[in-house]
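Construct all of the structure, not just a fragment, from the sequences and the given hints.
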Amino acid sequence: MSKPIVEVRNLTKQFGDFTAVDNISFDIHEGEILGLLGPNGAGKTTTIHMLLGLITPTAGTIHMFGLDLAQHRERILQQVNFSSTYISMPYSLTVEENLKVIARLYSLQNIQQRIDDIIENLEMGDIQHKLTRKLSSGQMSRLTLAKALMTEPKVLFLDEPTASLDPDIVNKIKAFLKEYQRNAGLSILYTSHNMREMEEMSNRIIFLQHGHIVAEGTSNEIVQRYGQRDLEEVFLKLAREPKTQ
Amino acid sequence: MNLGRIGGLLSRHMYLYKRSFARMLEIFYWPFLDLVVWGFITIYLKEAGVSLHGAVAFFLGALILWDVLFRSQQGVAVSFLEEMWSRNLMNLFASPLTVGEYLASTMIMSILKVTAVASLMMVIAWMLYSYDMLKIGLSLLPFILNLVLSGWIIGVLTTSIIMRFGQQAEVLAWGMVFLFQPISCVFYPLEVLPPILQSIAWIIPPAHIFEGMRAVLVDGVTPINHILWATGLNLFFFVVIVSWFYHTFNICKNKGMLVRVGE
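Heads up: the protein sequence lines correspond to chains A and B, in order. Under the numbering used here, the first residue of the first sequence carries the number 1, and numbering increases by one thereafter. Under the numbering used here, the first residue of the second sequence carries the number 1, and numbering increases by one thereafter.
Any given hint could be a false lead.
As the list claims (entries may be wrong) - Mimicking DSSO-like on lysine-lysine, the simulated pairs with C-alpha atoms at most 27 Å apart in a straight line are:
1. A/Lys134 - B/Lys18
2. A/Lys130 - B/Lys18
3. A/Lys154 - B/Lys253
4. A/Lys130 - A/Lys174
Said to hold, decoys possible - Selected chain B positions facing chain A (in silico; Cβ < 8 Å):
5. Lys46
6. Phe93
7. Val259
8. Arg260
Calculated from the structure, these hints are not laboratory results. No residue lacks a Cβ here, since even glycine has one placed at the ideal position from N, Cα and C.
Written as structure tokens, this is what we have:
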């Protein structure tokens, strides 16, 4: 197996008395898509926010590319990006303007060429000069994906990138992501509530519940371990288990 | 400091302003109206025979310089609000952008706003009231620079409060600076304040700036002591408030508020 590009050790986040993420450890390997699965409030998004340096962990360490995130934030984030259905971009700017700003924040070279390429790859030519406030939710998802991929990250965090999108767009985004990931050797941490999508996209899955890792392995391994028919049944079984102290 | 990233953030605001009539209006409309109203008051006082040495310079000059402080503060605080309103803080702080670069971009933004507003006000004052502020020359420069610095300090303080307490505190972006107006002695000399307020006024830089400015505008002398006090206090407060901003930023990251601010 390739070397880990992301190493998370004993990561914990407490908000007052509430423990959102409880002592989790995992690796993401080079070129791997790791699925992060769990019910609402399991700690998926908090984990991603800690990996992005937006939330400070209460305990534990995050290393990427062999560097400690707490000490090498700039160098690490230069090679990392994220996308989510739930994030937004400035509404009063056009799609192209938003991408230009992001390109400058990541100190990219040949900005216009990169924008043209990503616009073409994600079939966004028709909305390139459209104001962001006029985009549909599907177009907005493509924009946030474009801003993430344009920077050519080595690690990509995708927090429910296809939530609330119609099946046609979901299909296109998944196909594009798979191809891009194969070609670029990108490592991805992927969260989704869609079990089929998770099985389809991920090489390996971590199941989070109440901030703990309760299962880890390939989709088949997890299904077999819990004696269920598919990942959805495993999800339902685990998600309905009461919290144990 | 990465100048490219600072430029990136500035370009984001330029794109915003170039197609926002409301934002452009906000920059020019209120300063224009202020100047018209205070100009007529000045004319009225002169015609009523009120003896006030250098009345035009006193009020119009003070008004223009007050706007330097106000716009400088707004440039910093409103830039943060723009990011909060568009829920863009996650995109910014999940990028390699540093807190220092973020603050630098808002400060440059405030200089651009101050330059636009002050230039417009000087032109209008000259056209409507034949008041040429540029005649005063370089003596005013240290005061203007100190006012910009004071505006940054109030702006960074305001931003840190908004970041900590969210949208319910956003009114401070417009209101905070007015908290300092009575003791800044913008339109009247410091000696009219009650003794207790005079003591407080002496420890805030704008009071020294406006006292010194009156000496320049009305008496034509450059009071070095006021410049030194204003500069010293400004540098002290700048270090304290920027450190406070970093501290608040870390608290927000600890409490997970950075990803929720604006929601």
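Here is how each hint holds up against the structure:
1. Our distance criterion of 27 Å between C-alpha atoms is met by A/Lys134 and B/Lys18, whose separation comes to about 18 Å.
2. About 15 Å separates the Cα atoms of A/Lys130 and B/Lys18, which keeps this hinted pair within 27 Å; it holds.
3. Taking the CA atoms of A/Lys154 and B/Lys253, the gap is about 24 Å. The hint holds against a cut of 27 Å.
4. Taken as a hint, the A/Lys130 and A/Lys174 pair is honoured in the structure, with Cα atoms around 24 Å apart against an allowance of 27 Å.
5. A cut of 8 Å between beta carbons decides the hint on B/Lys46: the least distance to chain A is about 45 Å, and the hint is violated.
6. Annotation: B/Phe93 was flagged as interfacial toward chain A, and the flag holds, the nearest CB pair being 6 Å apart, inside 8 Å.
7. Taking 8 Å as the C-beta cut-off, the interface hint given for B/Val259 holds, the closest approach to chain A being about 5 Å.
8. For B/Arg260, the suggested interface contact is broken, since its CB lies about 10 Å from the closest CB of chain A, more than 8 Å.
Checked against the numbered hints listed earlier, the structure breaks hints 5 and 8; every other hint is satisfied.
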